[in-house]
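Residue numbering for the sequence shown follows numbering that gives the first Met the number 0, beginning at 0 and increasing consecutively.
A portion of the hints provided could be inaccurate.
25 Å max Cα-Cα, derived DMTMM-like pairs, lysine to aspartate or glutamate [as the list claims (entries may be wrong)]:
1. Lys349 to Glu324
2. Lys9 to Glu37
3. Lys226 to Glu156
4. Lys9 to Glu312
5. Lys57 to Glu75
6. Lys247 to Glu185
It is worth saying that the hints were derived from the structure and are not from the lab.
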Amino acid sequence: MRIATLNRDKCQPKKCNQECIKYCPRVRSGDETIIVGEKGKPIINENLCVGCGICVHKCPHGAIQIINLAAELEGELVQQYGVNGFRLYRLPIPRSGEVVGMLGPNAIGKTTAFKILSGQEIPNLGNLEDEPSWEPVLEKYAGTELNNHLEKVASGELTFSFKPQYVDMLPRVHTGKVKKLLEKVETDKNLEDIATELDLGSYLDRDIGQLSGGELQRVAIAATILKDADIYFFDEPSSYLDIYQRLKIAKVIQGIAETKSVMVIEHDLAVLDFLADTVHLMYGFEGSFGVLSQPRTVRNAINTYLDGFLKEENVRIRDRNIKFETRAPRKDWSAVSLVSFGKLQKKFDKFTLNTEPGSIKAGEVVGIVGPNATGKTTFVKMLADEISPDTGEIDANVKVSYKPQYIEPSFDGTVSELFMTELGGRITSGFFKTEVHNPLNLEPLMNRDLPSLSGGELQRVAIALCLAREADIYLIDEPSAYLDSNQRMEAAKTIRRVIEKSGRSGMIVDHDVYFIDMVSDSIMVFSGEPSVNGKGEGPLGMREGMNLFLKNVDITFRRDNDTNRPRINKKDSRLDREQKSSGEFYYTE
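Construct the complete structure from the given sequences, taking the supplied hints into account.
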(Lines of atoms letter the chains of each structure in order from A and count residues from 1; the text may use other names and numbers.)
(Lines give C-alpha, C1' and ligand atoms only; values in the text may rest on other atoms or scores of the structure.)
Protein backbone atom coordinates (compact mmCIF):
# COMPACT_ATOMS: atom_id res chain seq x y z
CA MET A 1 0.00 0.00 0.00
CA ARG A 2 1.43 3.37 -1.03
CA ILE A 3 0.57 6.82 0.29
CA ALA A 4 1.75 10.22 -0.91
CA THR A 5 1.72 13.16 1.50
CA LEU A 6 2.30 16.85 0.92
CA ASN A 7 3.35 19.14 3.76
CA ARG A 8 1.39 22.22 2.78
CA ASP A 9 3.40 24.48 5.07
CA LYS A 10 6.65 23.54 3.35
CA CYS A 11 5.27 23.55 -0.19
CA GLN A 12 6.03 26.95 -1.75
CA PRO A 13 5.04 26.89 -5.45
CA LYS A 14 6.03 30.54 -5.91
CA LYS A 15 9.61 29.69 -4.96
CA CYS A 16 10.09 26.62 -7.16
CA ASN A 17 9.76 25.52 -10.78
CA GLN A 18 7.24 22.73 -10.10
CA GLU A 19 10.06 20.18 -10.12
CA CYS A 20 7.68 17.51 -8.78
CA ILE A 21 5.61 17.70 -11.99
CA LYS A 22 8.48 18.46 -14.33
CA TYR A 23 10.54 15.39 -13.39
CA CYS A 24 7.76 12.84 -12.73
CA PRO A 25 8.25 10.01 -15.30
CA ARG A 26 4.52 9.19 -15.34
CA VAL A 27 3.63 12.82 -16.11
CA ARG A 28 6.23 12.89 -18.87
CA SER A 29 4.63 9.78 -20.38
CA GLY A 30 1.23 11.51 -20.47
CA ASP A 31 -0.48 10.44 -17.22
CA GLU A 32 -1.90 12.96 -14.75
CA THR A 33 -0.04 11.46 -11.81
CA ILE A 34 0.67 14.95 -10.42
CA ILE A 35 -1.51 17.94 -11.25
CA VAL A 36 -1.66 21.52 -10.02
CA GLY A 37 -4.31 22.01 -7.38
CA GLU A 38 -5.45 24.76 -5.02
CA LYS A 39 -3.08 27.75 -4.73
CA GLY A 40 -0.72 26.15 -7.23
CA LYS A 41 0.16 23.24 -4.93
CA PRO A 42 0.47 19.75 -6.39
CA ILE A 43 -2.02 16.89 -6.00
CA ILE A 44 -0.50 13.41 -6.31
CA ASN A 45 -2.68 10.56 -7.56
CA GLU A 46 -1.64 7.62 -5.38
CA ASN A 47 -3.22 5.07 -7.72
CA LEU A 48 -1.04 6.23 -10.62
CA CYS A 49 2.14 6.85 -8.58
CA VAL A 50 4.80 4.12 -9.06
CA GLY A 51 6.79 5.13 -5.99
CA CYS A 52 9.98 6.07 -7.83
CA GLY A 53 10.68 8.87 -5.33
CA ILE A 54 11.95 11.33 -7.91
CA CYS A 55 9.51 14.04 -6.81
CA VAL A 56 10.64 13.56 -3.19
CA HIS A 57 14.28 14.22 -4.08
CA LYS A 58 13.61 16.97 -6.61
CA CYS A 59 11.31 19.06 -4.37
CA PRO A 60 13.55 21.95 -3.21
CA HIS A 61 11.59 22.37 0.02
CA GLY A 62 11.29 18.73 1.10
CA ALA A 63 7.50 18.94 1.08
CA ILE A 64 6.69 15.53 -0.46
CA GLN A 65 6.84 12.05 1.03
CA ILE A 66 6.07 8.80 -0.83
CA ILE A 67 5.72 5.98 1.69
CA ASN A 68 5.09 2.26 1.28
CA LEU A 69 2.99 0.86 4.12
CA ALA A 70 2.24 -2.71 5.12
CA ALA A 71 -0.77 -4.21 3.33
CA GLU A 72 -2.18 -5.13 6.76
CA LEU A 73 -3.04 -1.45 7.27
CA GLU A 74 -5.50 -1.56 4.38
CA GLY A 75 -8.88 -0.82 5.92
CA GLU A 76 -7.34 0.48 9.19
CA LEU A 77 -7.41 4.16 8.19
CA VAL A 78 -9.17 6.28 10.81
CA GLN A 79 -8.54 9.89 9.80
CA GLN A 80 -7.12 11.68 6.78
CA TYR A 81 -6.64 15.44 6.55
CA GLY A 82 -7.32 16.21 2.90
CA VAL A 83 -5.82 14.91 -0.33
CA ASN A 84 -2.18 13.94 0.26
CA GLY A 85 -2.67 14.89 3.91
CA PHE A 86 -1.69 13.29 7.21
CA ARG A 87 -3.26 9.90 8.03
CA LEU A 88 -3.90 8.11 11.30
CA TYR A 89 -4.27 4.33 11.43
CA ARG A 90 -6.06 2.64 14.38
CA LEU A 91 -7.24 4.03 17.70
CA PRO A 92 -6.43 3.21 21.32
CA ILE A 93 -9.15 2.11 23.74
CA PRO A 94 -9.70 3.80 27.12
CA ARG A 95 -10.17 1.32 29.95
CA SER A 96 -11.84 1.99 33.25
CA GLY A 97 -9.55 1.54 36.22
CA GLU A 98 -6.37 1.86 34.13
CA VAL A 99 -3.91 4.51 33.05
CA VAL A 100 -3.44 3.89 29.30
CA GLY A 101 -0.30 5.51 27.91
CA MET A 102 0.75 6.48 24.39
CA LEU A 103 4.42 6.61 23.42
CA GLY A 104 5.89 7.70 20.12
CA PRO A 105 7.38 10.60 18.13
CA ASN A 106 5.77 14.02 17.89
CA ALA A 107 3.46 14.86 14.98
CA ILE A 108 2.28 11.30 14.26
CA GLY A 109 -1.27 11.57 15.56
CA LYS A 110 -1.31 11.02 19.35
CA THR A 111 -3.20 14.23 20.03
CA THR A 112 -5.47 13.52 17.05
CA ALA A 113 -6.38 10.17 18.63
CA PHE A 114 -7.24 11.99 21.87
CA LYS A 115 -9.49 14.41 19.99
CA ILE A 116 -11.38 11.59 18.26
CA LEU A 117 -11.83 9.58 21.47
CA SER A 118 -13.14 12.68 23.23
CA GLY A 119 -15.54 13.62 20.43
CA GLN A 120 -13.75 16.82 19.44
CA GLU A 121 -13.34 15.35 15.94
CA ILE A 122 -15.45 12.86 14.00
CA PRO A 123 -13.11 10.58 12.00
CA ASN A 124 -13.67 10.54 8.24
CA LEU A 125 -12.18 7.03 7.66
CA GLY A 126 -10.39 8.46 4.63
CA ASN A 127 -13.62 9.62 2.95
CA LEU A 128 -12.78 13.13 1.76
CA GLU A 129 -15.97 13.75 -0.21
CA ASP A 130 -18.68 13.51 2.46
CA GLU A 131 -19.07 15.40 5.72
CA PRO A 132 -17.82 13.16 8.57
CA SER A 133 -20.58 11.48 10.60
CA TRP A 134 -20.68 8.85 13.32
CA GLU A 135 -22.84 6.35 11.42
CA PRO A 136 -20.09 4.89 9.14
CA VAL A 137 -17.64 4.96 12.05
CA LEU A 138 -19.94 2.90 14.28
CA GLU A 139 -20.63 0.53 11.41
CA LYS A 140 -16.89 0.02 10.82
CA TYR A 141 -16.20 -0.82 14.47
CA ALA A 142 -19.40 -2.80 15.10
CA GLY A 143 -18.82 -5.71 17.45
CA THR A 144 -15.53 -4.38 18.80
CA GLU A 145 -14.60 -3.01 22.21
CA LEU A 146 -13.89 0.36 20.60
CA ASN A 147 -17.46 0.50 19.26
CA ASN A 148 -18.85 0.58 22.80
CA HIS A 149 -16.80 3.67 23.56
CA LEU A 150 -17.53 5.46 20.28
CA GLU A 151 -21.29 4.85 20.61
CA LYS A 152 -21.24 6.65 23.95
CA VAL A 153 -19.16 9.47 22.47
CA ALA A 154 -21.57 9.86 19.54
CA SER A 155 -24.64 9.91 21.80
CA GLY A 156 -23.09 12.36 24.25
CA GLU A 157 -23.20 9.93 27.17
CA LEU A 158 -19.58 10.54 28.17
CA THR A 159 -17.94 13.64 29.59
CA PHE A 160 -14.26 14.44 29.10
CA SER A 161 -11.55 16.52 30.71
CA PHE A 162 -8.52 17.41 28.59
CA LYS A 163 -5.14 18.84 29.67
CA PRO A 164 -3.47 20.49 26.65
CA GLN A 165 0.14 19.98 25.65
CA TYR A 166 1.39 23.55 25.52
CA VAL A 167 0.69 24.99 28.97
CA ASP A 168 2.87 28.05 28.31
CA MET A 169 0.08 29.26 25.98
CA LEU A 170 -2.42 29.52 28.87
CA PRO A 171 -1.64 33.19 29.73
CA ARG A 172 -2.55 34.11 26.14
CA VAL A 173 -6.09 32.76 26.51
CA HIS A 174 -6.74 33.26 30.23
CA THR A 175 -6.17 36.25 32.49
CA GLY A 176 -6.72 36.96 36.17
CA LYS A 177 -5.93 35.19 39.41
CA VAL A 178 -5.25 31.45 39.48
CA LYS A 179 -7.91 30.84 42.13
CA LYS A 180 -10.57 32.66 40.11
CA LEU A 181 -9.70 30.63 37.03
CA LEU A 182 -9.94 27.30 38.88
CA GLU A 183 -13.21 28.32 40.55
CA LYS A 184 -14.79 28.61 37.09
CA VAL A 185 -14.41 24.85 36.59
CA GLU A 186 -17.72 23.11 37.23
CA THR A 187 -16.93 20.53 39.88
CA ASP A 188 -18.09 18.88 43.05
CA LYS A 189 -14.47 18.47 44.19
CA ASN A 190 -12.81 20.61 46.84
CA LEU A 191 -10.43 23.16 45.32
CA GLU A 192 -8.45 23.43 48.55
CA ASP A 193 -7.80 19.67 48.60
CA ILE A 194 -6.60 19.67 44.98
CA ALA A 195 -4.44 22.74 45.66
CA THR A 196 -2.80 20.94 48.59
CA GLU A 197 -2.20 17.77 46.55
CA LEU A 198 -0.53 19.73 43.75
CA ASP A 199 1.26 22.33 45.94
CA LEU A 200 -0.68 25.26 44.45
CA GLY A 201 -1.26 27.12 47.71
CA SER A 202 1.61 29.60 47.37
CA TYR A 203 0.37 31.07 44.09
CA LEU A 204 -3.43 30.73 44.08
CA ASP A 205 -3.68 34.51 44.49
CA ARG A 206 -1.13 35.33 41.79
CA ASP A 207 -1.99 36.38 38.25
CA ILE A 208 -1.68 33.53 35.75
CA GLY A 209 0.61 35.66 33.57
CA GLN A 210 3.21 35.70 36.37
CA LEU A 211 3.58 31.93 36.66
CA SER A 212 6.55 29.82 35.58
CA GLY A 213 6.23 26.85 33.22
CA GLY A 214 6.10 24.36 36.09
CA GLU A 215 3.46 26.39 37.91
CA LEU A 216 1.36 26.70 34.74
CA GLN A 217 1.62 22.92 34.28
CA ARG A 218 0.24 22.25 37.76
CA VAL A 219 -2.56 24.78 37.27
CA ALA A 220 -3.53 23.05 33.99
CA ILE A 221 -3.49 19.65 35.72
CA ALA A 222 -5.56 21.03 38.59
CA ALA A 223 -8.17 22.42 36.18
CA THR A 224 -8.30 19.03 34.41
CA ILE A 225 -8.69 17.09 37.66
CA LEU A 226 -11.31 19.47 39.08
CA LYS A 227 -13.69 18.85 36.21
CA ASP A 228 -16.08 15.97 36.88
CA ALA A 229 -15.64 13.69 33.86
CA ASP A 230 -15.81 10.06 32.78
CA ILE A 231 -12.48 10.07 30.94
CA TYR A 232 -9.41 12.21 31.62
CA PHE A 233 -6.81 12.97 28.94
CA PHE A 234 -3.36 14.27 29.94
CA ASP A 235 -1.10 15.47 27.11
CA GLU A 236 2.51 15.61 28.38
CA PRO A 237 1.78 16.30 32.07
CA SER A 238 5.42 16.25 33.19
CA SER A 239 6.86 19.10 31.09
CA TYR A 240 8.60 21.77 33.23
CA LEU A 241 8.08 19.74 36.44
CA ASP A 242 10.97 18.48 38.55
CA ILE A 243 11.15 14.77 39.32
CA TYR A 244 9.59 15.20 42.77
CA GLN A 245 6.60 16.99 41.21
CA ARG A 246 6.41 14.45 38.38
CA LEU A 247 6.03 11.57 40.80
CA LYS A 248 3.48 13.47 42.85
CA ILE A 249 1.45 14.22 39.70
CA ALA A 250 1.74 10.57 38.65
CA LYS A 251 0.28 9.41 41.97
CA VAL A 252 -2.59 11.90 41.67
CA ILE A 253 -3.37 10.66 38.14
CA GLN A 254 -3.21 7.04 39.34
CA GLY A 255 -5.72 7.97 42.04
CA ILE A 256 -8.16 9.22 39.39
CA ALA A 257 -7.76 5.96 37.44
CA GLU A 258 -9.07 3.95 40.39
CA THR A 259 -12.60 4.98 39.46
CA LYS A 260 -12.29 6.63 36.01
CA SER A 261 -10.59 6.06 32.65
CA VAL A 262 -7.32 7.91 32.13
CA MET A 263 -5.17 8.30 29.00
CA VAL A 264 -1.72 9.89 29.00
CA ILE A 265 0.82 11.02 26.41
CA GLU A 266 4.21 11.11 28.12
CA HIS A 267 7.80 11.27 26.84
CA ASP A 268 9.66 10.91 30.14
CA LEU A 269 10.18 7.15 30.08
CA ALA A 270 10.89 6.87 33.81
CA VAL A 271 7.65 8.69 34.64
CA LEU A 272 5.61 6.76 32.05
CA ASP A 273 6.97 3.49 33.49
CA PHE A 274 5.89 4.58 36.98
CA LEU A 275 2.52 5.98 35.88
CA ALA A 276 0.94 3.75 33.21
CA ASP A 277 -0.58 0.26 33.32
CA THR A 278 -0.62 -0.40 29.57
CA VAL A 279 0.97 1.51 26.69
CA HIS A 280 0.26 1.83 22.96
CA LEU A 281 3.41 2.45 20.90
CA MET A 282 3.05 4.67 17.86
CA TYR A 283 5.28 4.77 14.81
CA GLY A 284 5.15 6.60 11.52
CA PHE A 285 6.62 9.61 9.76
CA GLU A 286 6.32 13.12 11.15
CA GLY A 287 3.50 15.00 9.46
CA SER A 288 2.75 12.11 7.07
CA PHE A 289 1.20 9.18 8.92
CA GLY A 290 0.92 7.52 12.32
CA VAL A 291 0.15 3.90 13.21
CA LEU A 292 -0.97 2.69 16.61
CA SER A 293 0.28 -0.67 17.85
CA GLN A 294 -1.63 -3.09 20.07
CA PRO A 295 -1.47 -2.38 23.82
CA ARG A 296 1.42 -3.81 25.81
CA THR A 297 2.25 -3.86 29.49
CA VAL A 298 4.23 -0.75 30.34
CA ARG A 299 7.52 -2.64 30.91
CA ASN A 300 7.21 -4.55 27.63
CA ALA A 301 6.20 -1.41 25.72
CA ILE A 302 9.17 0.68 26.87
CA ASN A 303 11.64 -2.18 26.34
CA THR A 304 10.24 -2.70 22.84
CA TYR A 305 10.51 1.03 22.17
CA LEU A 306 14.16 1.07 23.26
CA ASP A 307 14.91 -2.04 21.19
CA GLY A 308 13.38 -0.31 18.16
CA PHE A 309 11.70 -3.39 16.70
CA LEU A 310 7.98 -4.27 16.94
CA LYS A 311 7.94 -8.04 16.51
CA GLU A 312 4.16 -8.43 16.17
CA GLU A 313 4.00 -5.77 13.43
CA ASN A 314 7.40 -6.77 11.97
CA VAL A 315 8.34 -3.09 11.88
CA ARG A 316 11.65 -1.46 12.79
CA ILE A 317 11.13 2.00 14.26
CA ARG A 318 14.79 2.85 14.99
CA ASP A 319 18.10 2.06 13.25
CA ARG A 320 19.74 0.82 16.46
CA ASN A 321 18.65 -0.03 19.97
CA ILE A 322 19.30 2.19 22.99
CA LYS A 323 21.43 0.86 25.83
CA PHE A 324 21.95 2.03 29.40
CA GLU A 325 25.06 1.53 31.49
CA THR A 326 24.78 0.24 35.05
CA ARG A 327 28.14 1.64 36.08
CA ALA A 328 28.79 5.28 36.87
CA PRO A 329 31.27 7.16 34.64
CA ARG A 330 34.80 7.61 35.91
CA LYS A 331 35.21 9.73 39.04
CA ASP A 332 38.34 11.70 38.22
CA TRP A 333 38.36 14.23 35.41
CA SER A 334 42.00 14.90 34.57
CA ALA A 335 41.80 18.22 32.76
CA VAL A 336 42.42 21.88 33.47
CA SER A 337 39.69 23.92 35.14
CA LEU A 338 37.81 26.07 32.66
CA VAL A 339 35.51 27.75 35.19
CA SER A 340 35.87 27.90 38.96
CA PHE A 341 33.66 29.58 41.52
CA GLY A 342 33.77 30.15 45.24
CA LYS A 343 30.91 30.29 47.69
CA LEU A 344 28.29 32.30 45.83
CA GLN A 345 25.24 34.04 47.18
CA LYS A 346 22.45 35.81 45.33
CA LYS A 347 19.53 37.43 47.15
CA PHE A 348 16.20 38.46 45.67
CA ASP A 349 13.18 39.91 47.48
CA LYS A 350 11.83 36.51 48.55
CA PHE A 351 14.55 34.05 47.52
CA THR A 352 18.19 33.43 48.43
CA LEU A 353 20.63 31.12 46.62
CA ASN A 354 23.88 29.83 48.14
CA THR A 355 26.30 27.54 46.29
CA GLU A 356 29.35 25.64 47.48
CA PRO A 357 32.70 26.15 45.71
CA GLY A 358 33.31 24.12 42.58
CA SER A 359 34.89 24.01 39.14
CA ILE A 360 34.13 22.84 35.61
CA LYS A 361 36.89 21.09 33.70
CA ALA A 362 37.63 21.45 30.02
CA GLY A 363 35.61 18.88 28.08
CA GLU A 364 33.34 18.08 31.05
CA VAL A 365 29.54 17.93 30.84
CA VAL A 366 27.87 18.79 34.14
CA GLY A 367 24.24 17.82 34.66
CA ILE A 368 22.30 20.13 36.98
CA VAL A 369 19.42 18.55 38.91
CA GLY A 370 17.08 19.49 41.73
CA PRO A 371 13.58 20.78 42.48
CA ASN A 372 12.12 23.74 40.64
CA ALA A 373 12.57 27.20 42.16
CA THR A 374 15.77 26.28 44.05
CA GLY A 375 18.13 28.40 41.95
CA LYS A 376 19.35 26.20 39.07
CA THR A 377 18.53 28.76 36.36
CA THR A 378 19.79 31.61 38.58
CA PHE A 379 23.14 29.83 38.92
CA VAL A 380 23.37 29.26 35.17
CA LYS A 381 22.59 32.93 34.55
CA MET A 382 25.39 33.93 36.93
CA LEU A 383 27.85 31.78 34.97
CA ALA A 384 26.48 33.27 31.74
CA ASP A 385 27.12 36.74 33.22
CA GLU A 386 23.47 37.70 32.81
CA ILE A 387 23.26 38.45 36.54
CA SER A 388 26.00 38.99 39.16
CA PRO A 389 26.34 37.26 42.53
CA ASP A 390 26.03 39.44 45.63
CA THR A 391 28.99 37.68 47.27
CA GLY A 392 31.65 35.32 45.95
CA GLU A 393 33.66 35.30 42.76
CA ILE A 394 33.45 33.46 39.48
CA ASP A 395 36.74 32.88 37.69
CA ALA A 396 35.47 32.43 34.17
CA ASN A 397 37.37 34.20 31.44
CA VAL A 398 35.39 32.24 28.88
CA LYS A 399 32.96 32.77 26.06
CA VAL A 400 29.50 31.42 26.91
CA SER A 401 26.68 30.15 24.68
CA TYR A 402 23.38 30.08 26.57
CA LYS A 403 20.05 28.44 25.74
CA PRO A 404 17.35 29.78 28.09
CA GLN A 405 14.59 27.71 29.66
CA TYR A 406 11.76 29.53 27.91
CA ILE A 407 12.09 30.09 24.19
CA GLU A 408 10.35 33.00 22.51
CA PRO A 409 10.30 33.05 18.67
CA SER A 410 11.22 36.74 18.51
CA PHE A 411 13.00 36.55 15.13
CA ASP A 412 10.73 37.49 12.22
CA GLY A 413 11.93 35.21 9.43
CA THR A 414 12.76 31.64 8.52
CA VAL A 415 14.97 29.26 10.49
CA SER A 416 17.56 29.44 7.72
CA GLU A 417 17.60 33.24 7.92
CA LEU A 418 17.94 33.07 11.71
CA PHE A 419 20.98 30.79 11.42
CA MET A 420 22.57 33.00 8.76
CA THR A 421 22.00 36.10 10.93
CA GLU A 422 23.31 34.49 14.13
CA LEU A 423 26.00 32.17 12.78
CA GLY A 424 27.06 33.55 9.41
CA GLY A 425 29.36 31.16 7.58
CA ARG A 426 29.32 28.58 10.39
CA ILE A 427 25.97 27.31 9.08
CA THR A 428 27.71 25.94 5.98
CA SER A 429 30.51 24.17 7.85
CA GLY A 430 30.76 20.41 7.62
CA PHE A 431 30.87 20.14 11.42
CA PHE A 432 27.54 21.95 11.83
CA LYS A 433 25.92 19.84 9.12
CA THR A 434 27.09 16.44 10.36
CA GLU A 435 27.14 16.96 14.13
CA VAL A 436 24.20 19.34 14.74
CA HIS A 437 21.98 19.90 11.69
CA ASN A 438 21.49 16.26 10.66
CA PRO A 439 21.13 14.59 14.10
CA LEU A 440 18.54 17.19 15.19
CA ASN A 441 16.67 16.79 11.88
CA LEU A 442 16.64 20.50 11.09
CA GLU A 443 16.32 20.22 7.30
CA PRO A 444 12.48 20.11 7.32
CA LEU A 445 12.45 23.32 9.40
CA MET A 446 14.92 25.47 7.48
CA ASN A 447 12.38 27.21 5.21
CA ARG A 448 9.71 27.51 7.91
CA ASP A 449 8.97 30.86 9.57
CA LEU A 450 10.15 30.78 13.18
CA PRO A 451 6.77 31.85 14.69
CA SER A 452 5.06 28.91 12.92
CA LEU A 453 7.15 26.26 14.72
CA SER A 454 5.76 24.04 17.47
CA GLY A 455 7.34 23.90 20.93
CA GLY A 456 9.43 20.83 20.09
CA GLU A 457 10.60 22.32 16.78
CA LEU A 458 11.59 25.57 18.51
CA GLN A 459 13.50 23.54 21.10
CA ARG A 460 15.55 21.75 18.42
CA VAL A 461 16.36 25.07 16.72
CA ALA A 462 17.40 26.65 20.04
CA ILE A 463 19.66 23.70 20.94
CA ALA A 464 21.28 23.83 17.48
CA LEU A 465 21.79 27.58 17.70
CA CYS A 466 23.42 27.25 21.13
CA LEU A 467 25.76 24.41 20.07
CA ALA A 468 26.74 26.11 16.78
CA ARG A 469 27.98 29.32 18.40
CA GLU A 470 31.70 29.76 19.05
CA ALA A 471 32.01 29.27 22.81
CA ASP A 472 34.10 27.75 25.59
CA ILE A 473 31.13 26.56 27.63
CA TYR A 474 27.55 25.72 26.66
CA LEU A 475 24.85 26.43 29.24
CA ILE A 476 21.66 24.64 28.19
CA ASP A 477 18.52 25.03 30.30
CA GLU A 478 15.84 22.29 30.00
CA PRO A 479 16.63 21.02 26.50
CA SER A 480 14.21 18.07 26.79
CA ALA A 481 11.03 20.18 27.15
CA TYR A 482 8.51 19.39 24.37
CA LEU A 483 10.83 16.87 22.71
CA ASP A 484 9.51 13.35 22.23
CA SER A 485 11.43 10.40 23.70
CA ASN A 486 13.40 9.74 20.53
CA GLN A 487 14.28 13.41 20.04
CA ARG A 488 15.42 13.63 23.68
CA MET A 489 17.87 10.79 23.20
CA GLU A 490 19.14 12.26 19.92
CA ALA A 491 19.49 15.69 21.56
CA ALA A 492 21.41 14.18 24.49
CA LYS A 493 23.77 12.32 22.15
CA THR A 494 24.19 15.45 19.99
CA ILE A 495 25.06 17.66 22.97
CA ARG A 496 27.46 15.03 24.29
CA ARG A 497 29.15 14.46 20.92
CA VAL A 498 29.55 18.17 20.05
CA ILE A 499 31.12 18.97 23.40
CA GLU A 500 33.47 15.96 23.22
CA LYS A 501 34.61 16.66 19.65
CA SER A 502 35.01 20.41 20.14
CA GLY A 503 36.84 20.01 23.46
CA ARG A 504 34.46 22.48 25.10
CA SER A 505 32.45 22.13 28.34
CA GLY A 506 28.76 22.12 29.12
CA MET A 507 26.23 22.55 31.90
CA ILE A 508 22.83 20.98 31.30
CA VAL A 509 19.77 21.71 33.46
CA ASP A 510 17.07 19.07 33.06
CA HIS A 511 14.51 17.00 34.96
CA ASP A 512 14.54 13.88 32.78
CA VAL A 513 16.76 11.40 34.65
CA TYR A 514 17.40 9.34 31.49
CA PHE A 515 18.52 12.50 29.65
CA ILE A 516 20.87 13.56 32.46
CA ASP A 517 22.30 10.04 32.67
CA MET A 518 23.07 9.98 28.93
CA VAL A 519 24.66 13.41 28.68
CA SER A 520 26.57 13.98 31.95
CA ASP A 521 30.06 13.30 33.30
CA SER A 522 29.27 14.81 36.70
CA ILE A 523 26.32 16.20 38.63
CA MET A 524 25.56 19.45 40.42
CA VAL A 525 22.75 19.02 42.96
CA PHE A 526 20.38 21.77 44.09
CA SER A 527 18.14 21.49 47.13
CA GLY A 528 16.25 23.76 49.52
CA GLU A 529 12.78 25.19 49.98
CA PRO A 530 11.34 26.16 46.59
CA SER A 531 10.90 29.92 46.08
CA VAL A 532 12.44 30.59 49.52
CA ASN A 533 16.03 29.35 49.52
CA GLY A 534 18.28 27.14 47.44
CA LYS A 535 21.62 25.42 47.89
CA GLY A 536 23.92 24.19 45.13
CA GLU A 537 26.57 21.48 45.64
CA GLY A 538 29.12 20.14 43.21
CA PRO A 539 30.02 19.24 40.56
CA LEU A 540 30.14 15.75 42.06
CA GLY A 541 30.87 12.37 40.50
CA MET A 542 27.84 10.74 38.92
CA ARG A 543 27.45 8.10 41.63
CA GLU A 544 27.85 10.56 44.49
CA GLY A 545 25.69 13.20 42.79
CA MET A 546 22.86 10.84 41.88
CA ASN A 547 22.83 9.38 45.39
CA LEU A 548 22.62 12.84 46.96
CA PHE A 549 19.94 14.01 44.54
CA LEU A 550 17.72 10.92 44.82
CA LYS A 551 18.15 10.79 48.58
CA ASN A 552 16.71 14.32 48.70
CA VAL A 553 13.81 13.20 46.49
CA ASP A 554 13.45 9.94 48.50
CA ILE A 555 13.30 7.55 45.54
CA THR A 556 15.51 4.74 44.26
CA PHE A 557 15.93 3.17 40.84
CA ARG A 558 16.38 -0.51 40.01
CA ARG A 559 17.67 -1.84 36.69
CA ASP A 560 15.53 -3.63 34.14
CA ASN A 561 16.85 -7.17 33.57
CA ASP A 562 16.65 -6.91 29.76
CA THR A 563 17.70 -3.34 28.96
CA ASN A 564 19.48 -2.07 32.13
CA ARG A 565 17.27 1.02 31.96
CA PRO A 566 16.52 2.64 35.33
CA ARG A 567 13.06 1.94 36.77
CA ILE A 568 11.59 3.71 39.80
CA ASN A 569 11.14 1.42 42.81
CA LYS A 570 7.86 1.44 44.68
CA LYS A 571 8.30 3.30 47.94
CA ASP A 572 9.17 0.96 50.85
CA SER A 573 9.40 -2.08 48.55
CA ARG A 574 12.14 -4.62 49.33
CA LEU A 575 14.49 -3.20 46.69
CA ASP A 576 13.76 0.36 47.79
CA ARG A 577 14.65 -0.47 51.40
CA GLU A 578 17.76 -2.46 50.44
CA GLN A 579 19.15 0.26 48.17
CA LYS A 580 18.47 3.01 50.68
CA SER A 581 20.23 1.05 53.43
CA SER A 582 23.26 0.51 51.15
CA GLY A 583 23.26 4.15 50.00
CA GLU A 584 23.00 3.18 46.31
CA PHE A 585 19.99 4.99 44.85
CA TYR A 586 20.79 4.73 41.14
CA TYR A 587 23.98 2.91 40.11
CA THR A 588 23.98 -0.56 41.65
CA GLU A 589 27.40 -1.81 40.51
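| said: So if I understand the rule, the pair passes when the alpha-carbon distance is 25 Å or less; does Lys247 with Glu185 pass? | reply: holds (24 Å)
| request: For the pair supplied as a hint, Lys349 and Glu324, confirm whether the alpha-carbon distance does not exceed 25 Å. | output: violated (41 Å)
| Proposed proximity, Glu312 with Lys9 (alpha carbon, max 25 Å) | violated (31 Å)
| message | Tell me if the straight-line CA distance from Lys226 to Glu156 falls inside 25 Å. | response | Distance ~16 Å between Lys226 and Glu156 Cα, so the pair holds.
| query | Taking 25 Å as the top limit, are the C-alpha atoms of Lys57 and Glu75 close enough? | reply | Distance ~31 Å between Lys57 and Glu75 Cα, so the pair is violated.
| Pairwise hint evaluation, Glu37 against Lys9, where the allowed Cα distance is 25 Å at most | holds (15 Å)
In this structure, the earlier hints numbered 1, 4, 5 are contradicted, and the remaining ones agree with it.
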